[in-house]
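2 protein chains.
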Amino acid sequence: MNKAKLSTESYKGVRDFYPKEMALQLYIFNNWTKTAKKFGFEQYDASVLEPAELYKAKGAENEEMVNEQTYTFIDRGAREVTLRPEMTPTAARMVAGKKRDLSFPVRWFSIPNLYRYERPQRGRLREHWQLNCDIFGSTEEVADLELISLAHQLMLDFGATEDMFEILINSRAEMTALFNDLGITDVEVINQITRLNDRKKKISADEYKEALVQILADETLVEKVSKLVNETPETHDTITKLRDLGINNAKIDRTIARGFNYYTGIVFELVDTNPENNRSMLGGGRYDNLTEMFGDEAIAGIGFGMGDVTMKDFLITHDLVPASVYSTGPTVVILPLESEQNLEATKIAHTLRQANINVATNFSHKKLGKKITDAVEQGTKYSIVVGSDELVSQTFTLKNLKETSEQVGSIQEIIALIHSSN
Amino acid sequence: MNKAKLSTESYKGVRDFYPKEMALQLYIFNNWTKTAKKFGFEQYDASVLEPAELYKAKGAENEEMVNEQTYTFIDRGAREVTLRPEMTPTAARMVAGKKRDLSFPVRWFSIPNLYRYERPQRGRLREHWQLNCDIFGSTEEVADLELISLAHQLMLDFGATEDMFEILINSRAEMTALFNDLGITDVEVINQITRLNDRKKKISADEYKEALVQILADETLVEKVSKLVNETPETHDTITKLRDLGINNAKIDRTIARGFNYYTGIVFELVDTNPENNRSMLGGGRYDNLTEMFGDEAIAGIGFGMGDVTMKDFLITHDLVPASVYSTGPTVVILPLESEQNLEATKIAHTLRQANINVATNFSHKKLGKKITDAVEQGTKYSIVVGSDELVSQTFTLKNLKETSEQVGSIQEIIALIHSSN
Chain R
2 MNKAKLSTES
12 YKGVRDFYPK
22 EMALQLYIFN
32 NWTKTAKKFG
42 FEQYDASVLE
52 PAELYKAKGA
62 ENEEMVNEQT
72 YTFIDRGARE
82 VTLRPEMTPT
92 AARMVAGKKR
102 DLSFPVRWFS
112 IPNLYRYERP
122 QRGRLREHWQ
132 LNCDIFGSTE
142 EVADLELISL
152 AHQLMLDFGA
162 TEDMFEILIN
172 SRAEMTALFN
182 DLGITDVEVI
192 NQITRLNDRK
202 KKISADEYKE
212 ALVQILADET
222 LVEKVSKLVN
232 ETPETHDTIT
242 KLRDLGINNA
252 KIDRTIARGF
262 NYYTGIVFEL
272 VDTNPENNRS
282 MLGGGRYDNL
292 TEMFGDEAIA
302 GIGFGMGDVT
312 MKDFLITHDL
322 VPASVYSTGP
332 TVVILPLESE
342 QNLEATKIAH
352 TLRQANINVA
362 TNFSHKKLGK
372 KITDAVEQGT
382 KYSIVVGSDE
392 LVSQTFTLKN
402 LKETSEQVGS
412 IQEIIALIHS
422 SN
Chain S
2 MNKAKLSTES
12 YKGVRDFYPK
22 EMALQLYIFN
32 NWTKTAKKFG
42 FEQYDASVLE
52 PAELYKAKGA
62 ENEEMVNEQT
72 YTFIDRGARE
82 VTLRPEMTPT
92 AARMVAGKKR
102 DLSFPVRWFS
112 IPNLYRYERP
122 QRGRLREHWQ
132 LNCDIFGSTE
142 EVADLELISL
152 AHQLMLDFGA
162 TEDMFEILIN
172 SRAEMTALFN
182 DLGITDVEVI
192 NQITRLNDRK
202 KKISADEYKE
212 ALVQILADET
222 LVEKVSKLVN
232 ETPETHDTIT
242 KLRDLGINNA
252 KIDRTIARGF
262 NYYTGIVFEL
272 VDTNPENNRS
282 MLGGGRYDNL
292 TEMFGDEAIA
302 GIGFGMGDVT
312 MKDFLITHDL
322 VPASVYSTGP
332 TVVILPLESE
342 QNLEATKIAH
352 TLRQANINVA
362 TNFSHKKLGK
372 KITDAVEQGT
382 KYSIVVGSDE
392 LVSQTFTLKN
402 LKETSEQVGS
412 IQEIIALIHS
422 SN
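Listed in order, the protein sequences are those of chains R and S. This note's numbering applies: residue 2 is where the first sequence begins, and numbers increase by one. This note's numbering applies: residue 2 is where the second sequence begins, and numbers increase by one.
If you are wondering where the hints come from, they were derived from the structure by calculation, not from laboratory data. Quick caveat, the model's predicted, so the values are computed rather than measured. Please note: incorrect hints may appear among the correct ones.
Chain copies aren't distinguished; within one or between two, either way the pair holds.
Each computed BS3-like pair below joins lysine-lysine, with the alpha-carbon atoms no more than 30 Å apart [to be verified]:
hint	residue 1	residue 2
1	400	203
2	313	38
3	372	35
4	371	403
5	371	35
6	202	228
7	35	313
8	242	371
9	38	368
Using the sequences plus the hints, can you model the full thing?
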């Protein structure tokens, strides 16, 4: 037997979720689920393991991404496997696989964990969770509006107000038309500008202009493109329609591009207005050709992803996590005074559970006071001490740990007391 | 761009969860969660990725298991990584890592997905989910009883009755004492018999006896061991105490061994009494030395795992899945008659959502009848048609799709109708 001491650290760049961290994680997942269902989205899931070809299929750019930024390995059957880095290709694969059986429009959501092989740095994890919401099988503009409305509602359902975040909208198709109006028609040039715009907020104005000169080699054109990208149109049809749906914090931002090369129409991001959190919290767009890679027939899609790490940062920065989230303990803790009462205490716990009450028994040898402190720390509401006196008289004391009040009665009376106070 | 047609199949040996399959999966997970909380267990989680050494640490037998039966690969930082094949080592790692901060006994549960590199065959998947429940920091017998009581309650909370399943109990320590009584004291011989007993139900009586002769080379001893292993003691302290806790379908089974070599005390399995499902549904036991590998101080543990695949088989075989589980649709579907009503329909959906009603809009170009059939198939309760007449009069018809009854009113009246019928 190997006696070397093993490390208790997790693998590099991933997180352990102890009960309190898990509670916050579940609070986020449950809120996401509730809001997605409010919009009629159905939940789906798939394995973390996907054939590597799923991510390579969109050409050389993706091949590089798969080789350098994903966990990809060869299994014993010589299959190349990737730990999914994003969910949209999986959703597209599943939709394409059952397109004959599905009733479009299909509204799907999932909360997958995703993997990226990145140099670990602050806030850049190798594993994170993401809410993915997609509508398949509709090219209607109203699908775009609905999805942005869902993004907005997700924030409101956490108690956020419109001043805390902003929705930035752009359109790949619209940008192409605007570039064409300026005489820029070369697809490769447009792609280069798009990629540059995607980085614009991370570089200085001078760096941006310099890079634009490199691409366009024409001072006048550089000025025109700069002006176009920097201006926010005062009126815009999408923004007007979103106002009709109660959304007042959306605006056009010509720099929004989204990294993935499968977007074809509208693209959008949701950002925290607090400058401390400058990363995008949610990003998505329309991708009308993605399912093409599975066959001849394309199914239109529009979707977004929202990460757990940025969501957590947002909720903490804006003080939106209710304290009750961290109550991970049961409703009642039963405290046998001596080991001799362990079995009787467990029987009482059993009786309470039959009445649908969440109960734990603390049969450790710690002092009673310490056991009560531990219960309070877990958010447990009541304690019941079980000693020989209580067992002889069959009369127990229900102690309310929050109000430090007490009530006395038989187990059946105590069950009634607990039920009546909920 | 690669134009080769990609497969829509998932990776070999894993499952896609379309909404109805996901609904059943979530029904199981939610029931598991509810029952675990009834016993005061707190939820935790960790990454699928673990350092490979976590599974190799218990010696050569495990080293072989890691190399041949797990997904293990080398990352770009030359770290050996394993996709977790079981959760107990992760739980032990996390408990050992925070042992100064945790208040024992710690009751933890998790629903991880686990990976095994196995030859795919019927019912043997490479990825499955498992409920893991563990109590750390207690050597009290009552902890063993509580955990078996939890296993029993998990089944009851799915609507199972005691005739549908059986709890088989054994004890590693007790078996060692019984073997010692027969004069068998060599640890390696006892381990050999234990491993043979673990396979006993899968081989014939003759094969069992033959293997026993190989191990013991003594006819009289073979007879004695056979007798010992085959008999179910009529009275047993553990069984008596479990009866006190309302459990009448537990019995001693001397063949129960459990595969993992970290068990030290009680071991148990839960099996379906229907002969069609002969696999163990739940297995666990006491492992008092597992955290030793992280340092000098051992923390006692007892736990079990319960798989999603066998659980599903059980529920389906015994007809325990309520039909309502498969209702994945929203409460209301709004049906615009023409594309021109899409935006107004979406506004009405928005108004209903503000009243906490789950709503989808079906803006496809299908016939109304087909849209209603689709909604019924998803378990949607109501439809509201939105045409130009309805928009002019601001009077809408709420159609109950289950009772095929109708009620007419303004949107606010319809909201009141929906709320009052829930």
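Original post:
From the Cα coordinates, with 30 Å as the cut-off, is the pair residue 35 and residue 313 best called within, between, both, or neither?
Top reply: Close inside one copy (17 Å) and across copies (25 Å); limit 30 Å.
Give the relationship of residue 202 and residue 228 under a CA distance limit of 30 Å: within one copy only, between copies only, both, or neither.
within (15 Å within a copy, 78 Å between copies)
I want to check one pair: residue 38 and residue 368. Are their C-alpha atoms no more than 30 Å apart within a copy, between two copies, both, or neither?
Between copies only: 25 Å across chains, 47 Å inside a chain, cut-off 30 Å.
| Given identical chains, is residue 400 near residue 203, meaning Cα to Cα at most 30 Å, within a copy, between copies, both, or neither? | Cα proximity of residue 400 and residue 203: none, with 57 Å in one copy and 53 Å across.
Quick one: residue 371 to residue 35, C-alpha cut-off 30 Å, is that within a copy, between copies, both, or neither? between (38 Å within a copy, 27 Å between copies)
Original post:
Within a copy, between copies, both or neither: where do residue 371 and residue 403 come within 30 Å Cα-Cα?
Top reply: within (16 Å within a copy, 55 Å between copies)
Is it within, between, both, or neither for residue 372 and residue 35, if the alpha carbons may be no more than 30 Å apart? So residue 372 and residue 35 pass the 30 Å test across copies only (24 Å; inside, 36 Å).
### Alpha-carbon proximity between residue 242 and residue 371, which holds within one copy, between copies, both or neither at 30 Å
between (59 Å within a copy, 29 Å between copies)
Homomeric proximity label, residue 313 with residue 38: Cα distance no greater than 30 Å:
both (21 Å within a copy, 24 Å between copies)
The structure does not agree with numbered hint 1 stated previously, though it agrees with all others.
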